[in-house]
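> Residues per chain, in single letters:
There are 2 protein chains.
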Amino acid sequence: MAKNFTTREDNYSQWYNDLVIKADLAENSAVRGCMVIKPYGYAIWEKMQAALDKMFKDTGHSNAYFPLFIPKSFFSREASHVEGFAKECAVVTHYRLKASPDGKGVVVDEDAKLEEELIVRPTSETIIWDTYRNWIQSYRDLPILVNQWANVVRWEMRTRLFLRTAEFLWQEGHTAHATSEEAIAETQQMLEVYATFAEEFMAMPVLKGFKSPNERFAGAIETYCIEALMQDGKALQAGTSHFLGQNFAKAFDVKFLSKENKLDYVWATSWGVSTRLMGALVMAHSDDNGLVLPPKLAPFQVVIVPIYKKDEDKIRITEKALEIKKALISKGISVKFDDRESYTPGYKFNEHEFRGVPVRLALGPRDLENGTVEVARRDTMEKEVLQIQDIENKIQHLLDQIQDNLYQKALTFRDNSTHYVDTWEEFVKTLDEKAGFIYAHWDGTAETEQKIKEETKATIRLIPLIEKKEDGKCIYTGKPSTQRVVFARSY
Amino acid sequence: MAKNFTTREDNYSQWYNDLVIKADLAENSAVRGCMVIKPYGYAIWEKMQAALDKMFKDTGHSNAYFPLFIPKSFFSREASHVEGFAKECAVVTHYRLKASPDGKGVVVDEDAKLEEELIVRPTSETIIWDTYRNWIQSYRDLPILVNQWANVVRWEMRTRLFLRTAEFLWQEGHTAHATSEEAIAETQQMLEVYATFAEEFMAMPVLKGFKSPNERFAGAIETYCIEALMQDGKALQAGTSHFLGQNFAKAFDVKFLSKENKLDYVWATSWGVSTRLMGALVMAHSDDNGLVLPPKLAPFQVVIVPIYKKDEDKIRITEKALEIKKALISKGISVKFDDRESYTPGYKFNEHEFRGVPVRLALGPRDLENGTVEVARRDTMEKEVLQIQDIENKIQHLLDQIQDNLYQKALTFRDNSTHYVDTWEEFVKTLDEKAGFIYAHWDGTAETEQKIKEETKATIRLIPLIEKKEDGKCIYTGKPSTQRVVFARSY
Numbered sequence: 233m234a235k236n237f238t239t240r241e242d243n244y245s246q247w248y249n250d251l252v253i254k255a256d257l258a259e260n261s262a263v264r265g266c267m268v269i270k271p272y273g274y275a276i277w278e279k280m281q282a283a284l285d286k287m288f289k290d291t292g293h294s295n296a297y298f299p300l301f302i303p304k305s306f307f308s309r310e311a312s313h314v315e316g317f318a319k320e321c322a323v324v325t326h327y328r329l330k331a332s333p334d335g336k337g338v339v340v341d342e343d344a345k346l347e348e349e350l351i352v353r354p355t356s357e358t359i360i361w362d363t364y365r366n367w368i369q370s371y372r373d374l375p376i377l378v379n380q381w382a383n384v385v386r387w388e389m390r391t392r393l394f395l396r397t398a399e400f401l402w403q404e405g406h407t408a409h410a411t412s413e414e415a416i417a418e419t420q421q422m423l424e425v426y427a428t429f430a431e432e433f434m435a436m437p438v439l440k441g442f443k444s445p446n447e448r449f450a451g452a453i454e455t456y457c458i459e460a461l462m463q464d465g466k467a468l469q470a471g472t473s474h475f476l477g478q479n480f481a482k483a484f485d486v487k488f489l490s491k492e493n494k495l496d497y498v499w500a501t502s503w504g505v506s507t508r509l510m511g512a513l514v515m516a517h518s519d520d521n522g523l524v525l526p527p528k529l530a531p532f533q534v535v536i537v538p539i540y541k542k543d544e545d546k547i548r549i550t551e552k553a554l555e556i557k558k559a560l561i562s563k564g565i566s567v568k569f570d571d572r573e574s575y576t577p578g579y580k581f582n583e584h585e586f587r588g589v590p591v592r593l594a595l596g597p598r599d600l601e602n603g604t605v606e607v608a609r610r611d612t613m614e615k616e617v618l619q620i621q622d623i624e625n626k627i628q629h630l631l632d633q634i635q636d637n638l639y640q641k642a643l644t645f646r647d648n649s650t651h652y653v654d655t656w657e658e659f660v661k662t663l664d665e666k667a668g669f670i671y672a673h674w675d676g677t678a679e680t681e682q683k684i685k686e687e688t689k690a691t692i693r694l695i696p697l698i699e700k701k702e703d704g705k706c707i708y709t710g711k712p713s714t715q716r717v718v719f720a721r722s723y
Numbered sequence: 233m234a235k236n237f238t239t240r241e242d243n244y245s246q247w248y249n250d251l252v253i254k255a256d257l258a259e260n261s262a263v264r265g266c267m268v269i270k271p272y273g274y275a276i277w278e279k280m281q282a283a284l285d286k287m288f289k290d291t292g293h294s295n296a297y298f299p300l301f302i303p304k305s306f307f308s309r310e311a312s313h314v315e316g317f318a319k320e321c322a323v324v325t326h327y328r329l330k331a332s333p334d335g336k337g338v339v340v341d342e343d344a345k346l347e348e349e350l351i352v353r354p355t356s357e358t359i360i361w362d363t364y365r366n367w368i369q370s371y372r373d374l375p376i377l378v379n380q381w382a383n384v385v386r387w388e389m390r391t392r393l394f395l396r397t398a399e400f401l402w403q404e405g406h407t408a409h410a411t412s413e414e415a416i417a418e419t420q421q422m423l424e425v426y427a428t429f430a431e432e433f434m435a436m437p438v439l440k441g442f443k444s445p446n447e448r449f450a451g452a453i454e455t456y457c458i459e460a461l462m463q464d465g466k467a468l469q470a471g472t473s474h475f476l477g478q479n480f481a482k483a484f485d486v487k488f489l490s491k492e493n494k495l496d497y498v499w500a501t502s503w504g505v506s507t508r509l510m511g512a513l514v515m516a517h518s519d520d521n522g523l524v525l526p527p528k529l530a531p532f533q534v535v536i537v538p539i540y541k542k543d544e545d546k547i548r549i550t551e552k553a554l555e556i557k558k559a560l561i562s563k564g565i566s567v568k569f570d571d572r573e574s575y576t577p578g579y580k581f582n583e584h585e586f587r588g589v590p591v592r593l594a595l596g597p598r599d600l601e602n603g604t605v606e607v608a609r610r611d612t613m614e615k616e617v618l619q620i621q622d623i624e625n626k627i628q629h630l631l632d633q634i635q636d637n638l639y640q641k642a643l644t645f646r647d648n649s650t651h652y653v654d655t656w657e658e659f660v661k662t663l664d665e666k667a668g669f670i671y672a673h674w675d676g677t678a679e680t681e682q683k684i685k686e687e688t689k690a691t692i693r694l695i696p697l698i699e700k701k702e703d704g705k706c707i708y709t710g711k712p713s714t715q716r717v718v719f720a721r722s723y
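Chain order of the listed sequences is A and B. Numbering of the first sequence is given in this note's numbering, commencing with residue 233 and proceeding in unit increments. Numbering of the second sequence is given in this note's numbering, commencing with residue 233 and proceeding in unit increments.
None of these hints come from the bench; they were simulated from the model. Since no wrong hints were added, every one of them can be taken at face value.
In silico DSS-like pairs for lysine-lysine, Cα to Cα no more than 25 Å straight-line:
id, chain 1, residue 1, chain 2, residue 2
1, A, K580, B, K289
2, A, K552, A, K615
3, A, K615, A, K641
4, A, K685, A, K666
5, A, K286, B, K289
6, B, K563, A, K289
7, A, K615, A, K528
8, A, K286, B, K279
9, B, K289, A, K557
10, B, K558, A, K286
11, B, K563, A, K563
12, B, K491, A, K580
13, B, K528, A, K286
14, B, K542, A, K491
15, A, K254, B, K289
16, A, K319, B, K330
17, B, K286, A, K279
18, B, K254, A, K289
19, B, K336, A, K482
20, A, K289, B, K286
21, A, K542, A, K568
22, B, K558, B, K568
23, A, K558, B, K289
24, B, K615, B, K580
All chains should be built: construct the whole structure from the sequences, respecting the hints.
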């Protein structure tokens, strides 16, 4: 695992791409825009899934599965949804191939043309609400609290591993409620779940808020979001939770009989996070030595590397290493004992460092004599020699420290990259020279937002959830404003 | 949950379909051949996934993810694979829709035609071996032990929920090895994993063997399989494990440098089970009262139903029920306390019986006085009144008993439905009157197998793994044979 990869300062974008590939997280495939998620990368995604899935279930949700394909006509049912989603997508037109007349390979069988084209789902509101129509008759059938783990496809022209790919993995929650209040409460609850996950598991601080109308989900009344700041000062939308009102219920005719015996349309929410979080995780903490993983999401938290020259040392060291491994596992710590014989300890050190293993233990003959072990932490690159006695509690404590340190470091970075500006000149200068989150006044119109975007590539990332009323003037038009919003350039 | 559904005797096929739909396992969707897996059904699938995933990881495998789409040309690379898979499949030809000229909805944008069509994966050997080419240089990179949980699409004309659907969920293991012996050992190991899973978790006895050439996976040298017997005497293939030789390595040019410094093609296996197992599970144990679930795969193993009329009773009963729930959970038993107020105890009894909850506890005022609880087991429909004291151990024991009883019952059924026949008349008669597994002699030719299939719809389900050499004559041609094979009609 060589360190011959770009530094962040040299070329941040290249650094990210190199890191994802060289740390064995993912790679491009033979299919344009579709990635292969490699075992090490997938193991991190599995940790994310497990943590999120537990949080979904703890808040009363169940998983289900809906079809990959959506009839084309479904997209036209909800007017704004079709605008947002039915454009760049994979279209299935035929259901059969046949031997090529020239005897070389296969060709599409034109006799097997579908009557109605099928779209590979870019998101599942339409097919799910078409299904819910049969599940819902009365208030007794509500709420429906369902989540789906699935692949989706959006035909992106410019793709980047994890951050923007044609196919990606995600979860999409789709809930149905009897009242507007209940649906809004659900939308907000799931935003909190996402924020908690980002901060406690990914060690990544996030801002919470809602989107301006321009940036809303196609078909939503309100889109709530969490936004994180990457090390290059660009924002990344890390999760969204949508209050859909009765839009999809109306589009798919989903009504229920209320307790008061009145027929009404059902209220909806949807919410999702995707493998994009993998990109956020990489960019939030990693450095010029490679990946840095928070202990709670690392495929293994500790690696033990044995160091020996003589065979007799090997036996004794292996014995001690397995003893340590067992002690750590008893505390619920995940451990890899790297006893591969075809690689040197130095090679292993570099590899695990590059792949972001939070803690490395090295065990040599001298350690056996002294009852010690060398402990290296990935986040600070610090090393110390510890007594093996009670090692499981020491390491557990250290892992907690690392998790906390990563969060604090990211928080400090964000604080230092958060700016309040009041004039257009200051805004443009800050964007170009400092980047980061910029709190500024905005006149509340879509036109102004669009013009700011065209001139600076910055967008309103969110309108803060907790309003801090403050009179001011729009940085672009000078018109009055009562609240600052958060601008940034973004992924 | 009414019992107004078909009995097995009346119409087995209808019974199955009614059961799947009325027990809330799955339903048909708006997309032909694609099903919706409902929360209760998906919860069973999640239990299956968890158990299998652990077994895969315990045998050294990691999960990864490969693209949903496969370039059309990939299928032509492996000659027999294209025959088997590149026919009935979903073909993506375009990547964009546009507003319809008549202003109504959206139409395919003919300007957005793909240069090469993409096939929605029916199985992933081709795209994975195209990827492995870059992962493998030397023997040090081997073995690769990777599994993928994914959706796949095969354009089936006649579909049945779980048993045969256009889209289904599955796992597909794809491994790469330095030697033929190692790959064969892997193939056999995974067959054992599947058999263990079927018997220990699904409580479903299976036969192990390998397929005749006719029934082999397209591209395999040898296909191993497990076969289970359903209650209507038809066989169901429950899992397959393929030794692929060097076929895919040759098709995708995947070579490695051996320890001896020689360049050779890599050896491959693939193995998979799918949501088809859900159909097998339903058919293996369920009865005319509804679903019967083995405790190890039930979404919840125990349901507690409170019975009261007065509010004061409700409080005391709820308290006791929660106490019991806590005691059961402490033993790792999953419990639902069904305290819904809008349904009567009778309705709840029926619903949980129909949905196959293994154990039901009913708790009324009289029970509180006596320190008792009524315990009903779903498999035998027996009820008894037990002292609440030590209830967690009693129920744990009962769940073990139920799991074992279901297996024994299915085994007895299979034993009684297994026949040895030596003549064609006997064969045809047994098939029509008794069905089940038929051990008979076969001359070993594809022609004879094909003719038997055409005349009787029976196929060779497998050639037993443990050879029992026995001289005999082919039931169809009278030619000599040295071993009986297993015939059956099948799903």
